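Okay, so the sequence shown: first residue is 6 according to the numbering used here, each after it adds one.
Just so you know, the hints here were simulated from the structure itself, not pulled from any lab data. Please read all numbers here as calculations on a predicted model, not as lab measurements. Errors might be hidden in some of the hints.
[As the list claims (entries may be wrong)] Derived DSSO-like pairs (lysine-lysine); straight-line CA-CA distance at most 27 angstroms:
| hint | residue 1 | residue 2 |
| --- | --- | --- |
| 1 | K92 | K127 |
| 2 | K92 | K119 |
| 3 | K147 | K119 |
| 4 | K37 | K119 |
| 5 | K121 | K89 |
| 6 | K141 | K32 |
| 7 | K121 | K92 |
| 8 | K147 | K92 |
| 9 | K141 | K37 |
| 10 | K37 | K99 |
| 11 | K32 | K147 |
| 12 | K99 | K89 |
| 13 | K92 | K141 |
| 14 | K147 | K99 |
| 15 | K147 | K127 |
| 16 | K141 | K127 |
| 17 | K37 | K89 |
| 18 | K99 | K121 |
| 19 | K99 | K119 |
| 20 | K119 | K141 |
[Claimed, not checked] Label pairs and their computed distance ranges (CB to CB):
| hint | residue 1 | residue 2 | range |
| --- | --- | --- | --- |
| 21 | R131 | R18 | 31 to 37 angstroms |
| 22 | I237 | L16 | 27 to 33 angstroms |
| 23 | K119 | A72 | 44 to 50 angstroms |
| 24 | N73 | G186 | 25 to 31 angstroms |
| 25 | S107 | T56 | 16 to 22 angstroms |
| 26 | S107 | Q165 | 18 to 24 angstroms |
| 27 | K32 | A72 | 38 to 44 angstroms |
Idealized CB from N, CA, C, for every residue including glycine.
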Amino acid sequence: MSRFFLEQALLGRHAVIEGDDAAHIAKVLRLKPGASIEVVAAGRVYLATLTEVSPNRVTAEVGDVLANSGESDLPIHLYQSLPKGDKLELVIQKATELGVESITPVVTERVVVKLKPDSLAKRLARWQRIALEAAKQSRRGKIPTIGLPISLGELPPVPQSHLALVAWEEDSAPLRVALSGQDVAAVHLLVGPEGGLTPREVDWLRERGWRSISLGPRILRTETAPLALLAIVQYELGDLGGGK
């Protein structure tokens, strides 16, 4: 059954879907009044029955709240150093499928991408759109937050009840050990750019509660590392593989 995120708040028991989603329902799925869909509003998933269908506007009567099986109980926040090209788009798409709570691009010392202020709004809108489509496809109950790029010094403090891990190819501390026996409220993950993080950056992170870890004997690309890290953390501490 298709799932749609509502841009507008529920009007009582009625939902309104407009724009591309309305066109998709009418022209691609070719659904008719009486057909059932799932709608997501304010983090809740509802069963809904279509009442009016047109390419510009779809209305539905909202019914029961459904079990939100698409969300992990473990919030995972990813901080991805800005990679070259369109690699961040791949990371956003796949990290959304893996259940990430938020993704924030980070400008570290070896980042070579120069974002122009006049194009940043357009890029952010595209990143958010990719997250939305991936959330629909993977039947998420929420859309991950995509933040504006920040510097390393702007990283928020890590609460004591959270686990913060930075993947660093120069480290030998196994990720498996870092995750063993952990019972935390949330996890924060940071991955460097193509050239990696500098020792000075890693030391700065360690001083602020981050734990540097190794992902193994092979060097992973900047777009591969966050997905491997996220999948392992979700498997060990979250719900990947039918866990929590």
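A quick look at each hint next to the structure:
Between K92 and K127 the alpha-carbon distance is near 16 angstroms, which keeps this suggested pair within the 27 angstroms criterion. Taken as a hint, the K92 and K119 pair is honoured in the structure, with Cα atoms around 15 angstroms apart against an allowance of 27 angstroms. Simply put, K147 and K119 have alpha-carbon atoms about 30 angstroms apart, too far for the 27 angstroms limit, and the pair is violated. For the suggested pair K37 and K119, the alpha carbons sit about 47 angstroms apart, so the restraint of at most 27 angstroms is broken.
A distance of roughly 14 angstroms separates the Cα atoms of K121 and K89; the hinted pair therefore holds under the 27 angstroms criterion. Between the alpha carbons of K141 and K32 the distance comes to roughly 18 angstroms, so the proposed pair stays at or under 27 angstroms and holds. About 18 angstroms separates the Cα atoms of K121 and K92, which keeps this hinted pair within 27 angstroms; it holds. Between K147 and K92 the CA atoms are separated by roughly 23 angstroms; this keeps the pair inside 27 angstroms, and the hint holds.
Restraint check: the Cα-Cα separation between K141 and K37 comes to about 20 angstroms, which is no more than 27 angstroms; the hinted pair holds. A hinted pair counts as satisfied when its Cα atoms are at most 27 angstroms apart, and K37 with K99 does not qualify at roughly 32 angstroms. Under the criterion of a C-alpha separation no larger than 27 angstroms, the hint pairing K32 with K147 is consistent with the structure, at around 25 angstroms. Distance check on the hinted pair: K99 and K89 sit about 17 angstroms apart at the alpha-carbon level, within 27 angstroms; holds.
Restraint check: the Cα-Cα separation between K92 and K141 comes to about 21 angstroms, which is no more than 27 angstroms; the hinted pair holds. Under the criterion of a C-alpha separation no larger than 27 angstroms, the hint pairing K147 with K99 is consistent with the structure, at around 15 angstroms. Taking the CA atoms of K147 and K127, the gap is near 22 angstroms; set against the 27 angstroms cutoff, the hint holds. Using a Cα cut-off of 27 angstroms, the hinted pair K141 and K127 holds, with the two alpha carbons roughly 21 angstroms apart.
A threshold of 27 angstroms between alpha carbons decides the hint, and for K37 with K89 the separation of about 44 angstroms lies outside it, so the pair is violated. A distance of roughly 25 angstroms separates the Cα atoms of K99 and K121; the hinted pair therefore holds under the 27 angstroms criterion. Using a Cα cut-off of 27 angstroms, the hinted pair K99 and K119 holds, with the two alpha carbons roughly 24 angstroms apart. The straight-line distance between the Cα atoms of K119 and K141 is roughly 31 angstroms, outside the 27 angstroms bound, and the hint therefore fails.
Taking the beta carbon of each, R131 and R18 are about 34 angstroms apart, inside 31 to 37 angstroms as hinted. Remark: the range hint 27 to 33 angstroms for I237 to L16 is contradicted by a beta-carbon distance near 43 angstroms. Separated by about 45 angstroms at the C-beta atoms, K119 and A72 satisfy the suggested range of 44 to 50 angstroms. For N73 and G186, the hinted distance range of 25 to 31 angstroms is satisfied, since their beta carbons lie about 28 angstroms from each other.
Checking the proposed 16 to 22 angstroms range against S107 and T56 shows it is violated: the Cβ atoms sit about 35 angstroms from each other. For S107 and Q165, the Cβ-Cβ distance of about 20 angstroms falls inside the hinted range of 18 to 24 angstroms, so the restraint holds. K32 and A72 have their C-beta atoms about 30 angstroms apart, which leaves the hinted 38 to 44 angstroms range violated.
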